[in-house]
Amino acid sequence: MTRHTSAIAHSRAAPTRGAWTNALLASLLLAWMAAPAVGAQSLPRAQPEDVGLSSERLERLSAQMQAYVDDGTRPGTVVLVARRGQVAYLEAFGYRDREADSRLREDDIFRIASQTKMVVSVGVMMLQEEGRLLTSDPVSAYLPEFGETTVAVPRDGSDGYDIVAAERPITIHDLLTHTAGVGYGGGTAADRWEAAGITGWYLADREESVGATVSRMAALPFEAQPGERFVYGYSTDILGAVIERASGQRLDTFLQSRILSPLGMVDTHFYLPESKADRLAVVYSSTDAGGLERAPDPGGATGQGAYVDGPRTSYSGGAGLLSTAGDYARFLQMLLNGGELDGTRLLSPKTVELMTVDHLGDMDLDDGVGFGLGVWVVEDLGARGVPGSAGEYGWGGAYHSTYWVDPAEELVVVYFTQVIPAGGFDDHAKLRTLVYQAVIE
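Residue numbering for the sequence shown follows the numbering used here, starting at 1 and increasing by one per position.
In case anyone wonders, no lab produced these hints; they're calculated from the structure.
A portion of the hints provided could be inaccurate.
[What the hints assert, rightly or not] What follows is a set of in silico ranges between Cβ atoms, one per label pair, in the way DEER data are often shown:
1) Gly131 / Asp70: 50 to 60 angstroms
2) Gly227 / Asp162: 39 to 49 angstroms
3) Asp380 / Ser136: 41 to 51 angstroms
4) Arg57 / Gly157: 50 to 60 angstroms
5) Arg250 / Asp297: 19 to 29 angstroms
6) Glu208 / Pro421: 38 to 48 angstroms
7) Leu381 / Asp288: 33 to 43 angstroms
8) Arg57 / Asp288: 43 to 53 angstroms
9) Leu365 / Thr287: 27 to 37 angstroms
10) Asp156 / Ala383: 31 to 41 angstroms
11) Phe425 / Ser389: 15 to 25 angstroms
12) Asp288 / Glu441: 24 to 34 angstroms
13) Glu129 / Asp288: 30 to 40 angstroms
14) Ser102 / Gly361: 29 to 39 angstroms
None of these values were measured; they are calculated from a predicted model.
Yeah, the Cβ is synthetic: ideal placement off N, Cα and C, and Gly gets one too.
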């Protein structure tokens with residue numbers, strides 16, 4: 001019996017009372033039934049038809065998500081679709097832990113990896129609005145070690161490379177747009193990055209603070225000249241260190257006090273409290289045979305990670321957060337609302353507008369897709385060739401999660417799973433198609 005029906009049965013079995021007592025009990029019962037489950041945070045709920053979606057067509061989405069679980073290619077997924085500020089679809093499929101036969105719940109917690117980047121980018125823009133920095137500022141104004149950086153240039157006709165001085169200082173804008181030339185340590189000068197012990201996006205198991213890691217990073221050769229091209233890498237981790245210097249707070253403290261708590265994101269953390277450890281979804285890896293195997297513990301970037309029992313020292317602005325679908329949807333709805341949610345304003349609408357337009361120009365990521373300040377941005381729907389809208393923006397994470405916001409359709413979509421590596425999967429494309437085919441007005 002569910003908590004709702006059991007409460008109703010209990011109220012019916014209660015002794016007869018006066019009218020005022022019955023009215024009080026009824027009002028308390030209704031309030032209790034309407035409250036979210038303990039630990040859960042989400043946007044208000046709505047029936048799909050009330051926000052222009054089809055319940056019948058959303059069943060196609062449910063059937064496909066369940067099929068992935070049934071065929072053994074996904075351990076479990078949580079899908080959230082919100083429209084016009086209300087959640088019309090929130091479903092969990094499969095398992096939090098297959099070996100323990102533990103079913104996934106809507107409010108379970110996932111490693112969101114690079115979905116951290118947009119949260120940190122918002123933090124940077126909040127500091128700009130407060131006059132504490134400008135995106136045009138050189139990074140060296142906050143991290144002096146970036147005053148003189150270098151670039152590794154491959155030699156023609158050989159495996160070697162030369163190290164040359166950067167032609168201009170790296171700016172905060174370069175970091176926000178991933179045009180600073182900073183990769184993840186696997187490029188031209190990979191030998192030097194490996195020798196420094198700085199490669200890959202995963203930092204959760206480090207005893208060293210991100211500030212210290214970033215400080216050492218500044219002495220290594222980067223992949224391109226500032227502003228030359230899009231290079232995906234540690235840029236947002238560097239932004240996290242900039243936030244610490246500009247705000248005078250550690251990154252986790254800043255994000256908690258300025259973004260997560262104000263938005264009611266109660267289950268978003270860099271490292272999980274022990275009381276929430278049993279809600280963390282298990283990571284799996286796809287196999288050559290097309291199935292899944294449990295990733296090792298802790299196992300680093302392709303394992304369970306040090307998010308519960310780790311040193312809790314390295315707060316990665318580029319890939320460190322854990323969250324729930326409900327929490328992350330609140331963050332995205334704030335952006336869709338022009339920087340405000342439930343009376344709490346983090347950014348002005350003009351700042352959100354600036355963040356969600358293309359800043360790359362001729363360096364666009366893909367056909368019809370550019371990049372703003374922390375997110376990809378759809379510029380040309382036809383050139384992109386998949387369902388969506390011009391002006392849509394989003395990103396994803398290394399554990400195969402994804403999200404997007406479609407302002408034209410007042411739509412927020414969050415998709416969480418935990419699979420790494422996940423090459424060859426078609427679930428992101430089918431998710432997109434099945435969400436948009438359910439839009440009926």
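Quick one: which hint numbers does this structure break? Sort them smallest to largest. 2, 3, 6, 8, 12, 13, 14
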